[in-house]
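Chain by chain, the residues run as shown.
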Amino acid sequence: MVVWTDQERAFIQDIFSKLNYEDAGPKALQRVLIVYPWTQRYFGGFGNLYSAEAIKSNPMVAAHGIVVLHGLDKAMKNMDDIKNAYADLSVLHSEKLHVDPDNFRLLADCLTIVIAATMGSSFTASVQAAWQKFIAVVVSALSRQYH
Amino acid sequence: MSLTAKDKAAVTALWAKVSGKADEIGHDALSRMLAVYPQTKTYFSHWKDLSPGSAPVRKHGKTVMGGVGEAVSKIDDLTSGLLNLSELHAFQLRVDPANFKILSHNILVVLAILFPIDFTPEAHVAMDKFLSALSLALAEKYR
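Residue numbers (numbering that gives the first Met the number 0), protein chains in the order written: chain A, 0 to 146; chain B, 0 to 142.
If you're looking for bench data, these hints aren't it; they were derived computationally from the structure. Treat each hint with caution, since some may be false.
[To be verified] Taking lysine-lysine and the BS3-like style, the derived pairs with C-alpha atoms no more than 25 Å apart in a straight line are:
{"no.": "1", "chain 1": "B", "residue 1": "Lys128", "chain 2": "A", "residue 2": "Lys55"}
{"no.": "2", "chain 1": "B", "residue 1": "Lys73", "chain 2": "B", "residue 2": "Lys58"}
{"no.": "3", "chain 1": "A", "residue 1": "Lys55", "chain 2": "B", "residue 2": "Lys58"}
{"no.": "4", "chain 1": "A", "residue 1": "Lys55", "chain 2": "B", "residue 2": "Lys5"}
{"no.": "5", "chain 1": "B", "residue 1": "Lys7", "chain 2": "B", "residue 2": "Lys40"}
{"no.": "6", "chain 1": "A", "residue 1": "Lys55", "chain 2": "A", "residue 2": "Lys132"}
{"no.": "7", "chain 1": "B", "residue 1": "Lys61", "chain 2": "B", "residue 2": "Lys40"}
{"no.": "8", "chain 1": "B", "residue 1": "Lys128", "chain 2": "B", "residue 2": "Lys140"}
{"no.": "9", "chain 1": "B", "residue 1": "Lys73", "chain 2": "B", "residue 2": "Lys20"}
{"no.": "10", "chain 1": "B", "residue 1": "Lys58", "chain 2": "B", "residue 2": "Lys5"}
{"no.": "11", "chain 1": "B", "residue 1": "Lys7", "chain 2": "A", "residue 2": "Lys132"}
{"no.": "12", "chain 1": "A", "residue 1": "Lys17", "chain 2": "A", "residue 2": "Lys95"}
{"no.": "13", "chain 1": "B", "residue 1": "Lys128", "chain 2": "B", "residue 2": "Lys5"}
{"no.": "14", "chain 1": "A", "residue 1": "Lys55", "chain 2": "B", "residue 2": "Lys16"}
{"no.": "15", "chain 1": "B", "residue 1": "Lys73", "chain 2": "B", "residue 2": "Lys16"}
{"no.": "16", "chain 1": "B", "residue 1": "Lys140", "chain 2": "B", "residue 2": "Lys100"}
{"no.": "17", "chain 1": "A", "residue 1": "Lys132", "chain 2": "B", "residue 2": "Lys5"}
{"no.": "18", "chain 1": "B", "residue 1": "Lys20", "chain 2": "B", "residue 2": "Lys58"}
Predicted model, so just to flag it, every value in this text is computed and none were measured.
Start from the sequences and build out the full structure, keeping to the hints where you can.
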């Protein structure tokens, strides 16, 4: 079981309280599609992803970015049992979406960078440590049901 | 995934904007690396103080970013340009190359914090590729 200090819990709650899903979600997904273009393989039905400009103005990407970011709410609300909270989503990503779990790590890194850019200097090293621990637990839970 | 002309132009342009804060970037990236990836502290057991703001962390952040700056100037041939640094890391420092990725990630985080407007997704992909190529050049002499 993952052990969270009170400070880590506070940092995570603080990040989510300040999080603008409509801004960060699209930005994170756009960034992963631009920085790691092979991730576009999962979005064949999203239309024009042929350039960074196209990706940044694609409404389906923006909408889906918000959906994906809200997927983290489950972890924030169930920090003491993220593993089981994500069992169904893990099965979904494995059995239905067929997403290589390495992509979770790529999206996590891009999300970290988007949050850092938004929070600026208040995203201190300690906050970053708590956030990366949190996101690593989510990535692990999402990868868990793959076989 | 080698650097295209577009990548090199993007890296050079971004570096021109950020190099004035190179020392601060190095210090912050190193501090974050030590805090977020505690296993990296094993390489600095000889330092009295590993906390952010300490003299050794500041000094070393400056050294590391000096290396990055040198790499930018030698972007057309990183492997030969960084031969000396590669030998240093391979034979003396013997830093596990997996750690290059960790420090690179933290450099990107600091760039996002200090330059949120300039660190666009396009600048990000070019910088990520550059730091990966730099890491590869650093690991050249390892075995």
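List of violated hint numbers, smallest to largest
Hint check: 3, 5, 6, 10, 11, 12, 17 fail, others pass.
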